[in-house]
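J.: Listed here are the chains, written in short residue letters.
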Amino acid sequence: MHFSIQNILFLLVALAGFGLFAWQASRIRANVLMGRDRDVSGDVNDRLWKTLLVAFGQQKMFKRLTPAFLHLIVYVGFIVINIEVIEIMVDGLFGTHRFLQFAGPAYSALTGTNEILGALVVVAVTAFWWRRNVNVVRRFTGSEMRAWPKMDGNIILYVEVVLMVALFLMNTADLKAHQLQNLTMPGSFPVSQFLTGLLPDSVPMLHVLERIGWWSHIVGILLFLNYLPSSKHFHIIMAFPNVYFSRLIPQGQFSNVDSITHEVKAMMDPSYPVPAPATNPDGSAVAPTPFGAKDVNDLAWTNLLNAYSCTECGRCTSVCPANLTGKLLSPRKIIMDTRDRMEEKYNEPLLFNPALYGKEAKHDPQEQLDKENHTLLRGYVTPEELWACTTCNACVEACPVNINPLESIIEMRRFLVLEESAAPNALNAMFSNIENNGAPWAFSPSDRFNWADELFVADKKELEVRS
Amino acid sequence: MAEQTAKRPVSVPVMADLAARGESPEILFWVGCAGAFDDRYKRVTRAFVRILDHVGVNYAVLGKEESCTGDPAKRAGNEFLFQMQAMTNIATLDGYGIKKVVTACPHCFNTIKNEYPALGGNYEVIHHSTFLQQLINEGKVTAQGGESFKGRRITFHDSCYLGRSNNIYEAPRAVLEVLDADLVEMKRCKTNGLCCGGGGAQMWKDAEPGNKEVNIERTEEALATLDGNAAALENLQGVQSNAPAVPAGAGSANSVIAVACPFCMTMMADGVKNKEREQNVQVFDLAELIASAEGLNA
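Taken in order, these protein sequences are the chains called F and X. When the count follows the working numbering, it moves up by one through the first sequence with no breaks and lands on 467 for the last residue. When the count follows the working numbering, it moves up by one through the second sequence with no breaks and lands on 298 for the last residue.
Everything labelled a hint here was simulated from the structure, so no lab data went into it. It cannot be assumed that every hint is accurate.
Taking lysine to aspartate or glutamate and the DMTMM-like style, the derived pairs with C-alpha atoms no more than 25 Å apart in a straight line are [as the list claims (entries may be wrong)]:
1. Lys42(X) to Asp206(X)
2. Lys460(F) to Asp53(X)
3. Lys150(X) to Glu278(X)
4. Lys100(X) to Glu185(X)
5. Lys461(F) to Glu147(X)
6. Lys265(F) to Glu65(X)
7. Lys205(X) to Glu420(F)
8. Lys42(X) to Asp53(X)
9. Lys64(X) to Asp447(F)
10. Lys150(X) to Asp459(F)
11. Lys42(X) to Asp17(X)
12. Lys140(X) to Glu462(F)
13. Lys232(F) to Glu144(F)
14. Lys150(X) to Glu124(X)
15. Lys64(X) to Asp453(F)
16. Lys7(X) to Glu185(X)
17. Lys205(X) to Glu435(F)
18. Lys212(X) to Glu144(F)
19. Lys60(F) to Glu65(X)
20. Lys63(F) to Asp206(X)
21. Lys60(F) to Asp152(F)
22. Lys99(X) to Asp269(F)
23. Lys460(F) to Glu177(X)
24. Lys7(X) to Asp459(F)
25. Lys212(X) to Glu384(F)
26. Lys42(X) to Glu454(F)
27. Lys460(F) to Asp180(X)
28. Lys205(X) to Asp447(F)
29. Lys64(X) to Asp152(F)
30. Lys64(X) to Asp269(F)
31. Lys460(F) to Glu213(X)
32. Lys461(F) to Glu185(X)
33. Lys265(F) to Glu124(X)
34. Lys42(X) to Asp269(F)
Note that the structure is a prediction, hence the values are computed from the model and not measured.
Go ahead and model the full structure; you've got the sequences and the hints to work with.
T.: Here's what the structure looks like:
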C-alpha cells in the first residue's frame, strides 16, 4: 500500500463526482414529483418480477434481435466492468494496487471477462455508431431527432469508446511493466496481451501510462455519471424504477377520473354524498385541478418518470400506425416534449439547458405552436398530434422500458374535450349521438333491436331426419 | 333444394321478457352499437345468434335497453359522457342480476371487463372468440355440414383491444383452426399487430393529414400475405419479423381476411374495396365463418 497525495486527490474527485450527481438526481426527483399523485403501493412481488424480466432481463429488447444482441453486450459490459470500478475505487482510496487479486482464479476470470467484454463493447458501439451515422436506421430519424438528441446519441458512443481505451491502456501498461521486470501480473488479460507492442519499453513510462489509463477511466466514469442527467443515457438508471412503477393492469384499461365519478353519481342519485372539496391548512379551498392535462404537472408522476427513462430509440414511433402513415403524431416526441417542458418549467439540466443553447438545439419549433400560451399542450404538443392516435397500444407494447405514451395522450385529449370543448367537430357529433341515441351513430334507439327481425337458423336436426 | 326449407325462426330472448317470467339467462349477449346498427356487422350478430340458438345456449339480449358502453367517448377524452353511459348500463345490468356477459365487440369487451369494475359493475366478460373456442372444445360446434373452407387461405387480423389490450391472441386462431383452412400470419401479427386505423374514436372522424390511410397500409399487408407476395412484404415499416414470407403459389382466390371486431371489419372491408379485390378476397368475422362452416345460415 502506497498512500500518497494521489489518494487524497482521488477522494476529492470522487466526492465531487458523486456529490454533483446526487445534487442533479435530487433536482430531477423534484421535477418528477411535480406530477399528480398516483398510488403505486402493493403488488411488490409482481413488480419485482416484472423488473427482473423487463429491466434486468432485457425481455422486450429481444423483439428485434440485432440491436438486442448489440445492446446486451454493452449492458453486460457495463455491469461486469463496474465490478472492476469497485476495485478502482478501493485502490484509489487506500493506495492498494488491484486489491481484488487475493481472489486468485476468480480475479483472473473477472479481468479476463472484462477484457473480452471491453473489446466486444468497442465492436458493439462501432455498430451502433454505424446505425446512427452511416447506414441510418429509420427510427433514429424523425422531426423530434434534432441537433441535440442526435449529438447526444453520438457523445454517448464516443465516451464509451474512450472509457474502454482507458481500460485497455491501464491494463496493457501494467502488464508490460510487469513483464519487463519479470514480475507476475495478477489476473488474466486476453486482449491486452496482444497490445503490449504498441507501448514503449520503458518501465517508468509504462507506470505513467498506467496512471493515465487508471485516472482517465475513473474520472471519465465520474464525468459520464454527471452527463447522464442531461442525456437520454439516463435510461441506464431510470429504466429500473420506471419498469418497477409501470402498470400491472391490462393495457386496454384507461384510468377513471374520480372527481367525475362523484359528479355522475350525484346526478344519478341525488342522495349520493359528494366528498367535500379539499381545503388548504388555512381553511381556504384548494384550487380545483383541471380535468386531464394541460401541462406537465397535470400528468401523473409516473408519466414524468417515463420522460427521464426514455432513450429515444424510437421503437414506439416506428410501430405507431399514425406515424407510419405520415401523420404528425410520434409517441417518442410526446415523451421527449414532456422532458423538455419539465426542464424548461422546473429544474433545468446541468448541460444543454434549452435557454442556454437555444431552442433549436433541442426542439423543433413548429410554426403552429402557440408561443404565448406556453404549456406542454399547444406549447409543445399540438392537438393534431393527439387526435391522430388510434389508442392501439403498439407504442406501449414496443417500449423496452415500459414507457406509456398513451396515458399522456389521453390526459391531454381529456383537457381538450372537458376543459376547452375543443374536440374535432366529427367527434362532437359522435358525443351528441351517444347522449341522444345511446349509440355513436345517428340511429334511433327504437331501431336497436331490428337486427333480430326475420332471423332464421338452419334446423340441422330436421335436416338429419330428412336425410 | 329441400335442405334450404329446413329452417326455423329464431326468436331472440330479450332480458325484460325473461325477467317478467322470473327467469334468468346463463349469459347476456352484449350486441354493441355496431352489432345493432351497422348493416355489415348486423350479419355478424345474426351469425352469432344462430350459433347460440343452434347450440342451445341459455342466453338473452338487452334489446332496446342496451346503450353504448361509452368506449368511443372515453378514448376521445370525454370521461364525463363515458361515466354517464357506464353507470346507466351498470344500473341496467345489475337490475337484471347479470353475472356473465358475452360480446362480439372487443371495445365493448374491454370497457365492460376492465373499466366498469371501478364504477361498480362486476361481471365475467367473455369475448365471442373465447366463447366460440369453448364451444369448439366442448364439441358443441364442429364446423361440419356447411361451407367448406378446406385449403382456403385465411389470415387473421388482430384487434388491438383484443390482442395487446387484453392478451387474447390464441382464441381467435383456435377458432379458425377448426375450419381446416390454410392459415397464414401477417408479419405484423399478435403483439406486433398493426391497428386497422379505427380505434380510439378514429372511426367517427377523418384522419389527420398524412400520406396514407392506416386501413390501406394494413389491407396491403393482408393482401400481400394472402397472395404470398414477398416483395410487397419487404416494404413493411415498423416491426421487424423473422417469420418468412408466405410462399407464393396458392394465390388469394377465394381467400379470407378474418376479423373479430366491428371497426376492423369496416376498415378492412373498405381497404379491400379500395384495392378493388372484393371479387376474390372477403372479410369475415369469426362468428360468420363458424356459422357458415356449421351450415347454420338460412
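J.: Taking the hints in turn, state whether each one holds.
T.: Hint check:
For the hint pairing Lys42(X) with Asp206(X), the CA-to-CA distance comes to about 24 Å; that is within 25 Å, so the pair holds. A hinted pair counts as satisfied when its Cα atoms are at most 25 Å apart, and Lys460(F) with Asp53(X) qualifies at roughly 11 Å. Between Lys150(X) and Glu278(X) the CA atoms are separated by roughly 20 Å; this keeps the pair inside 25 Å, and the hint holds. In summary, the hint linking Lys100(X) to Glu185(X) is not supported, as the alpha carbons are separated by about 32 Å, beyond the 25 Å threshold.
Distance check on the hinted pair: Lys461(F) and Glu147(X) sit about 17 Å apart at the alpha-carbon level, within 25 Å; holds. Between Lys265(F) and Glu65(X), the direct Cα distance comes to roughly 20 Å. Compliance with the 25 Å bound is thereby established for this hinted pair. Note on Lys205(X) and Glu420(F): the hinted pairing holds, with a Cα-Cα distance of about 19 Å set against a maximum of 25 Å. Taking the CA atoms of Lys42(X) and Asp53(X), the gap is about 16 Å. The hint holds against a cut of 25 Å.
Between Lys64(X) and Asp447(F), the direct Cα distance comes to roughly 8 Å. Compliance with the 25 Å bound is thereby established for this hinted pair. About 23 Å separates the Cα atoms of Lys150(X) and Asp459(F), which keeps this hinted pair within 25 Å; it holds. With a CA separation close to 22 Å, the supplied pair Lys42(X) and Asp17(X) stays within the 25 Å bound. About 17 Å separates the Cα atoms of Lys140(X) and Glu462(F), which keeps this hinted pair within 25 Å; it holds.
A C-alpha spacing of about 13 Å is found between Lys232(F) and Glu144(F), which places the hinted pair at or below 25 Å, so the restraint holds. This hinted pair does not check out: Lys150(X) and Glu124(X) have alpha carbons roughly 34 Å apart, beyond 25 Å. At roughly 13 Å between alpha-carbon atoms, Lys64(X) and Asp453(F) fall within 25 Å of each other, so this suggested pair holds. Restraint check for Lys7(X) and Glu185(X): the C-alpha separation of about 36 Å exceeds 25 Å, so the hint is violated.
Pair hint Lys205(X) plus Glu435(F) holds up; C-alpha atoms about 18 Å apart against a cutoff of 25 Å. A distance of roughly 21 Å separates the Cα atoms of Lys212(X) and Glu144(F); the hinted pair therefore holds under the 25 Å criterion. For the hint linking Lys60(F) to Glu65(X), the alpha-carbon distance of about 44 Å lies beyond 25 Å, and the restraint is violated. Between Lys63(F) and Asp206(X) the alpha-carbon distance is near 32 Å, which puts this suggested pair outside the 25 Å criterion.
Pair hint Lys60(F) plus Asp152(F) holds up; C-alpha atoms about 24 Å apart against a cutoff of 25 Å. Between Lys99(X) and Asp269(F), the direct Cα distance comes to roughly 23 Å. Compliance with the 25 Å bound is thereby established for this hinted pair. Pair hint Lys460(F) plus Glu177(X) holds up; C-alpha atoms about 22 Å apart against a cutoff of 25 Å. Distance hint between Lys7(X) and Asp459(F) is fulfilled; the C-alpha atoms sit about 5 Å from each other, no more than 25 Å.
Between Lys212(X) and Glu384(F), the direct Cα distance comes to roughly 16 Å. Compliance with the 25 Å bound is thereby established for this hinted pair. Under the criterion of a C-alpha separation no larger than 25 Å, the hint pairing Lys42(X) with Glu454(F) is consistent with the structure, at around 13 Å. Proposed proximity of Lys460(F) and Asp180(X) is supported: the alpha carbons are some 21 Å apart, at most 25 Å. At most 25 Å may separate the alpha-carbon atoms for a hinted pair to count; Lys205(X) and Asp447(F) meet this at roughly 24 Å.
Only pairs whose Cα atoms come within 25 Å are accepted, and Lys64(X) paired with Asp152(F) is rejected, the gap being roughly 59 Å. Proximity of Lys64(X) to Asp269(F) is assessed by CA-CA distance (about 23 Å); at most 25 Å being required, the pair is judged to hold. Taking the CA atoms of Lys460(F) and Glu213(X), the gap is near 44 Å; set against the 25 Å cutoff, the hint is violated. Between Lys461(F) and Glu185(X) the CA atoms are separated by roughly 36 Å; this puts the pair beyond 25 Å, and the hint is violated.
Between the alpha carbons of Lys265(F) and Glu124(X) the distance comes to roughly 23 Å, so the proposed pair stays at or under 25 Å and holds. Taking the CA atoms of Lys42(X) and Asp269(F), the gap is about 35 Å. The hint is violated against a cut of 25 Å.
Comparing the model with each numbered hint stated earlier shows that hints 4, 14, 16, 19, 20, 29, 31, 32 and 34 do not hold.
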